[in-house]
Amino acid sequence: MPENHLLRIIIFAPLAGAAINWLLGRRLRSEAFSGAVACLAVAVSTVVAFMLAFGSGGALHVGDTHSTTPVLDHIWTWLQVGNFRADFGLGMDRLSGIYALFVTFVGLLIHVFATGYMRGDKGFYRFFAYLNLFMFAMLTLILADNFLLMFVGWEGVGLCSYLLIGYYLDRPEASAAAKKAFIVNRIGDWGVILGIMLIFFLTSQAGRPSISFFDNSARGVQSALGFFASLPAAEPFKLSMLIAGGVTSVAILLFIGATGKSAQIPLYVWLPDAMAGPTPVSALIHAATMVTAGVYMVVRCSAIFTHAPMAMFIVAVIGAATAIFAATIGLAQNDIKKVLAYSTISQLGYMFLACGVGAFVAAIFHVMTHAFFKALLFLGSGSVIHGMHHEQDMRRMGGLRKYMPVTFATMTVGWLAISGFPLLSGFFSKDEILWKTWSATSASIPAGYGKALWFIGALTALLTAIYMTRLMVMTFWGKERFHEAHGGGEADEAHAHGFDEGLKPHDAQHASVDDRPHHAPGEHVEDAHDEHAGHAPHESPWTMTVPLVVLAFLAAFGGFIGVPYALSGGSIPNYFERALEPAIAHPPERIAEAGGASAMEQPQYEMLSPKPQQVDGAAPLSVGEGSQGEPVAERVPTSEETRTELLFTGISVLIALAGIGIGWVMFKTQPLRKMPRLLEEKYYVDEIYDAGVVNPIHVFAREGLWKLFDVSVIDGIVNGLGSSVRELGGVVRYIQMGFVRSYAAIILLGALAVIAYFVFHSIKALGY
Amino acid sequence: MFTVLLFLLFAGLAIGCAISMVAQRNPLYSAISLIGVFIALACLYVMLAAPFIAAVQVIVYAGAIMVLVVFVIMLLNVEEEEKKRTRLRVLIPAAVLLAAVLIAEASFIFYFVERAGQPHDPSTSNVGLTASIGIGLFTQYLLPFEITSVLLLMAIVGAMTLASRTGGGFFSPNVRVVPGAAVLPRQIVDPNAVGDATPVIAETTEEAARLLGVDDVDQKPDED
Amino acid sequence: MDVHLSWYLALSAILFTIGVVGVIIKRNIISMFMCIELMLNAVNLTFVAFSSYFRDVTGQLFVFIVMTVAAAEAAVGLGIIIAIFRNRESLDVDDANILKL
Chain F
1 MPENHLLRII
11 IFAPLAGAAI
21 NWLLGRRLRS
31 EAFSGAVACL
41 AVAVSTVVAF
51 MLAFGSGGAL
61 HVGDTHSTTP
71 VLDHIWTWLQ
81 VGNFRADFGL
91 GMDRLSGIYA
101 LFVTFVGLLI
111 HVFATGYMRG
121 DKGFYRFFAY
131 LNLFMFAMLT
141 LILADNFLLM
151 FVGWEGVGLC
161 SYLLIGYYLD
171 RPEASAAAKK
181 AFIVNRIGDW
191 GVILGIMLIF
201 FLTSQAGRPS
211 ISFFDNSARG
221 VQSALGFFAS
231 LPAAEPFKLS
241 MLIAGGVTSV
251 AILLFIGATG
261 KSAQIPLYVW
271 LPDAMAGPTP
281 VSALIHAATM
291 VTAGVYMVVR
301 CSAIFTHAPM
311 AMFIVAVIGA
321 ATAIFAATIG
331 LAQNDIKKVL
341 AYSTISQLGY
351 MFLACGVGAF
361 VAAIFHVMTH
371 AFFKALLFLG
381 SGSVIHGMHH
391 EQDMRRMGGL
401 RKYMPVTFAT
411 MTVGWLAISG
421 FPLLSGFFSK
431 DEILWKTWSA
441 TSASIPAGYG
451 KALWFIGALT
461 ALLTAIYMTR
471 LMVMTFWGKE
481 RFHEAHGGGE
491 ADEAHAHGFD
501 EGLKPHDAQH
511 ASVDDRPHHA
521 PGEHVEDAHD
531 EHAGHAPHES
541 PWTMTVPLVV
551 LAFLAAFGGF
561 IGVPYALSGG
571 SIPNYFERAL
581 EPAIAHPPER
591 IAEAGGASAM
601 EQPQYEMLSP
611 KPQQVDGAAP
621 LSVGEGSQGE
631 PVAERVPTSE
641 ETRTELLFTG
651 ISVLIALAGI
661 GIGWVMFKTQ
671 PLRKMPRLLE
681 EKYYVDEIYD
691 AGVVNPIHVF
701 AREGLWKLFD
711 VSVIDGIVNG
721 LGSSVRELGG
731 VVRYIQMGFV
741 RSYAAIILLG
751 ALAVIAYFVF
761 HSIKALGY
Chain L
1 MFTVLLFLLF
11 AGLAIGCAIS
21 MVAQRNPLYS
31 AISLIGVFIA
41 LACLYVMLAA
51 PFIAAVQVIV
61 YAGAIMVLVV
71 FVIMLLNVEE
81 EEKKRTRLRV
91 LIPAAVLLAA
101 VLIAEASFIF
111 YFVERAGQPH
121 DPSTSNVGLT
131 ASIGIGLFTQ
141 YLLPFEITSV
151 LLLMAIVGAM
161 TLASRTGGGF
171 FSPNVRVVPG
181 AAVLPRQIVD
191 PNAVGDATPV
201 IAETTEEAAR
211 LLGVDDVDQK
221 PDED
Chain S
1 MDVHLSWYLA
11 LSAILFTIGV
21 VGVIIKRNII
31 SMFMCIELML
41 NAVNLTFVAF
51 SSYFRDVTGQ
61 LFVFIVMTVA
71 AAEAAVGLGI
81 IIAIFRNRES
91 LDVDDANILK
101 L
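Residue numbers (the numbering used here), protein chains in the order written: chain F, 1 to 768; chain L, 1 to 224; chain S, 1 to 101.
You may find that some hints are simply not true.
Said to hold, decoys possible - Simulated crosslink set (SDA-like; lysine to any residue; CA at most 20 Å straight-line):
#1 F/K707 - F/N695
#2 F/K764 - L/A116
#3 F/K674 - F/Y684
#4 F/K764 - L/A106
#5 F/K179 - F/E155
#6 F/K451 - F/L654
#7 F/K682 - F/G692
#8 F/K479 - F/V665
#9 F/K764 - L/R115
#10 F/K451 - F/F648
#11 F/K674 - F/D335
#12 F/K764 - L/Y111
#13 F/K479 - F/A409
#14 F/K682 - F/I265
#15 F/K764 - L/E105
#16 F/K764 - L/I147
#17 F/K764 - L/V113
#18 F/K674 - F/K122
#19 F/K682 - F/V269
#20 F/K179 - F/V693
#21 F/K122 - F/L23
#22 F/K764 - L/F110
#23 F/K668 - F/D393
#24 F/K764 - L/F108
#25 F/K674 - F/K451
#26 F/K707 - F/P696
#27 F/K179 - F/Y689
Unchecked claim - Just a sample of chain F residues kept apart from chain S, beta carbon distances all over 12 Å, derived:
#28 K402
#29 V563
#30 E703
#31 M737
It should be emphasised that the hints constitute simulated quantities derived from the structure, not laboratory data. These numbers were taken from a predicted model, which means no experiment stands behind them. Note that CB positions come from ideal geometry on N, CA and C, so glycine has one too.
Take the sequences, apply the hints, and build the full model.
In structure tokens, the structure reads:
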């Protein structure tokens with residue numbers, strides 16, 4: 001087991017950056033210092049991650065297609081109580097290696113962007129301290145080698161999300177959103193904790209107690225996932241298995257946590273509100289990294305999920321439902337960041353749909369490409385918002401492509417990527433998900449459901465293209481609506497007024513030092529106007545445009561590392577699949593009965609032995625036979641499957657182009673077309689939750705627990721004790737009040753007691 | 001038979017006078033009732049063939065002690081006790097309860113004594129004769145006798161000390177009285193006030209201090 | 001039918017109880033004092049009764065001593081009462097209550 005102590009640098013560099021910024025940056029109050037420290041810390045992490053992933057003996061095993069030996073780093077033994085062992089140890093294998101690569105790299109780009117975006121903000125050092133702390137937590141989550149440490153990272157990113165969403169301390173809606181995010185996440189964490197406990201319980205029952213991911217014989221640690229992988233049969237496809245306390249229960253509990261962290265139904269409500277934080281935060285946390293932690297956990301536990309077909313089915317159904325649900329809401333939002341937020345929720349639904357049908361590799365691929373184009377879109381929107389003097393309502397934008405060419409160009413790339421325009425990254429990943437959904441043969445998807453799920457996915461893709469086109473059209477084309485003073489929405493009258501005086505938006509041209517990025521609506525920001533009135537436009541700072549360009553490049557060409565076999569005919573290897581495939585378990589195949597009805601029997605593993613997660617560099621199992629009879633990591637599909645796949649690829653392209661076309665036609669001429677009220681109000685889900693869950697709890701807490709229990713019972717007991725002691729003292733006090741008569745009475749009482757003693761004594765002595 | 005009747009007569013008299021003594025509000029009437037009790041007890045002593053004790057009872061108790069008490073009552077001009085009781089109302093039912101307990105305990109003893117049987121006929125005893133008492137007192141119990149005489153001496157000395165006007169005793173006649181509070185002799189604050197016996201009656205300490213002409217009185221007044 | 005010893009004891013107990021109740025109930029110092037005398041007399045009666053019934057002179061000697069002591073006590077006690085009266089102008093025993101915690 002190769003142990004590489006460089007691994008810990010990846011997580012400790014951002015932690016050091018956070019500490020330095022918190023302690024020193026506060027004193028120095030220098031933006032250059034804070035920004036440099038933060039970006040340098042993440043850069044160090046990035047470099048080390050690349051080294052460890054691609055280097056010799058690295059995690060991705062570049063030349064070797066079978067080995068899944070992880071790079072381990074045991075920092076110290078954290079808990080060891082009886083059988084329970086949790087170490088503060090890191091492990092980078094294929095899955096976490098890929099994650100670490102794009103998390104650190106995209107994180108670095110966003111850090112650089114933020115140095116430009118947050119200029120002039122008074123809490124600059126605090127922002128970057130939190131941002132680095134977030135990177136620390138996220139990397140701990142990814143690189144942890146056991147469930148408990150992963151959960152520490154899980155909670156850590158929740159905490160940093162809270163800190164960063166509520167970063168603008170003077171905005172109550174920001175702190176309310178931060179609270180909401182944290183609390184809703186916490187509801188999901190309940191599931192994760194129970195899941196981890198159940199894992200430990202099940203492994204202990206089998207005599208292999210463990211919560212680790214990897215085997216580490218040198219430290220005497222066995223892999224819990226290995227145990228699950230070695231189970232001979234998957235659990236039956238029955239709803240009752242969800243609460244049976246077996247593998248399916250574990251899977252569904254972990255998935256509940258994933259719905260909280262990755263914003264699926266029913267726990268997605270925090271993500272749109274989280275847009276109250278600064279845009280780099282939205283880009284980093286709520287597009288690229290934190291929200292994908294749920295997907296990471298599900299894929300990491302693929303060995304568990306593949307033995308729990310019912311859970312996978314639920315995952316797929318919820319993923320698909322969330323995807324289309326969020327897409328319909330995104331269609332009607334007017335705040336540019338809210339559209340992107342719902343788009344994120346929708347794309348996360350795709351990832352879970354992929355997990356549910358057993359296409360874990362496709363899910364991770366989509367995670368990566370989504371990180372690229374969603375971060376790009378968020379940063380681009382940040383640039384737009386910055387240039388529009390913090391106007392976020394799209395109804396007051398329009399025609400910005402003249403003023404912000406760089407932003408426009410890069411956002412166009414992102415738009416096309418997310419819509420699935422051919423050959424861009426989103427096209428490859430989304431198409432693969434849809435194809436795997438249609439052709440799902442896993443036992444987790446009963447026959448026919450695969451087609452239905454594909455249909456929902458395709459409809460969502462259409463809606464995605466439509467609303468993204470709407471966003472682009474409303475923002476960059478058409479009449480320049482910012483000149484008019486529109487009422488309604490969150491439009492800031494002050495800004496509209498400012499633009500009347502001839503000030504134009506600009507492409508993040510210069511840092512307006514006094515232009516605070518946060519203010520109450522309606523507050524007249526005069527200094528901004530004065531600032532702009534006297535300045536001539538000049539080159540935008542490279543800190544904001546360079547990351548946009550790099551992300552645009554990745555969004556455009558990043559898909560080429562995962563070209564499926566069908567499209568390339570084998571000429572371009574699917575690097576991504578090769579890298580990740582050996583580490584993922586396969587679900588068992590669905591058994592089809594002769595009668596044609598889909599069988600829900602317990603799938604047997606003889607049909608196609610699922611490859612358990614490779615651990616400890618054991619003898620590799622072959623997935624399929626290549627033409628030369630040697631084992632290859634890539635399963636070569638048959639020519640009929642290839643034809644079908646190409647057909648569906650064509651359908652996806654048509655859907656993408658149709659969506660773009662419909663969006664263009666609907667919104668180019670009429671950008672302010674009113675969307676249905678139900679969608680605009682997000683199906684009133686927040687209101688339903690408030691009425692159904694939040695308010696009853698409030699009322700219960702206030703009336704029941706506080707007024708009834710705390711005041712009456714607890715205070716009653718405490719005060720009652722006090723007053724009873726006082727009463728008792730008041731009574732006992734009579735013993736010595738100075739009144740001779742009471743003294744006499746007490747003496748009499750004593751004398752009677754003595755006499756009574758003697759009387760009874762003599763009665764007993766006399767035998768009565 | 002006859003003795004029973006006599007016993008009941010004298011016992012009833014004793015109890016009646018005792019209850020009267022407790023129930024009367026005027027202490028003088030109480031004193032008279034107490035004398036009645038003593039007389040009844042003396043008669044009972046005679047029935048018990050203890051003539052000496054009976055005589056001593058009448059002479060000492062009824063004749064000396066009660067006279068002294070009546071003398072003090074007259075001297076202090078004691079008034080009737082006021083009907084309304086404001087303090088320690090709880091003691092009345094408490095006293096009744098305790099009395100009931102006492103009676104109950106005593107009746108246990110009586111029961112056993114009753115069972116034990118009659119030892120002797122009291123009317124034929126000769127231990128109560130003066131001669132017997134004298135023999136016992138001067139032979140076997142001589143020491144208590146002598147000690148009792150010393151006790152009487154102490155009592156005389158104590159009484160005289162209490163009553164003396166000058167020197168000893170805490171309360172010289174020159175004191176100003178404040179009901180319910182400690183008192184400052186005026187000569188402490190005013191050396192020329194020796195011999196001035198005008199009583200000062202005040203409701204509160206502050207008023208008394210003002211009347212006394214004392215500047216700052218920092219005594220805590222009695223509460224409750 | 002003869003008078004039994006226990007009758008005398010019962011009478012004595014009743015007188016004693018009355019005296020006790022009087023001590024606790026009465027507010028006048030002199031009345032309290034007189035009730036104490038009553039208690040002493042009840043005890044005297046017990047002593048004399050036992051002495052007669054058991055032909056022992058010790059009981060009556062005890063009574064002799066008790067009476068002497070009661071006389072001495074009466075003298076000194078009344079002296080104290082007068083002194084307190086001079087001090088407080090009140091014979092209410094509840095007014096003499098500074099001997100407390």
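Evaluated hints:
no., hint, result
1, F/K707 - F/N695, "holds, 16 Å"
2, F/K764 - L/A116, "holds, 17 Å"
3, F/K674 - F/Y684, "holds, 17 Å"
4, F/K764 - L/A106, "holds, 16 Å"
5, F/K179 - F/E155, "holds, 14 Å"
6, F/K451 - F/L654, "holds, 18 Å"
7, F/K682 - F/G692, "holds, 16 Å"
8, F/K479 - F/V665, "holds, 16 Å"
9, F/K764 - L/R115, "holds, 16 Å"
10, F/K451 - F/F648, "holds, 12 Å"
11, F/K674 - F/D335, "holds, 14 Å"
12, F/K764 - L/Y111, "holds, 15 Å"
13, F/K479 - F/A409, "holds, 19 Å"
14, F/K682 - F/I265, "holds, 13 Å"
15, F/K764 - L/E105, "holds, 15 Å"
16, F/K764 - L/I147, "violated, 40 Å"
17, F/K764 - L/V113, "holds, 16 Å"
18, F/K674 - F/K122, "violated, 39 Å"
19, F/K682 - F/V269, "holds, 10 Å"
20, F/K179 - F/V693, "holds, 16 Å"
21, F/K122 - F/L23, "holds, 16 Å"
22, F/K764 - L/F110, "holds, 16 Å"
23, F/K668 - F/D393, "holds, 17 Å"
24, F/K764 - L/F108, "holds, 13 Å"
25, F/K674 - F/K451, "violated, 33 Å"
26, F/K707 - F/P696, "holds, 15 Å"
27, F/K179 - F/Y689, "holds, 15 Å"
28, K402, "holds, 94 Å"
29, V563, "holds, 96 Å"
30, E703, "holds, 46 Å"
31, M737, "violated, 6 Å"
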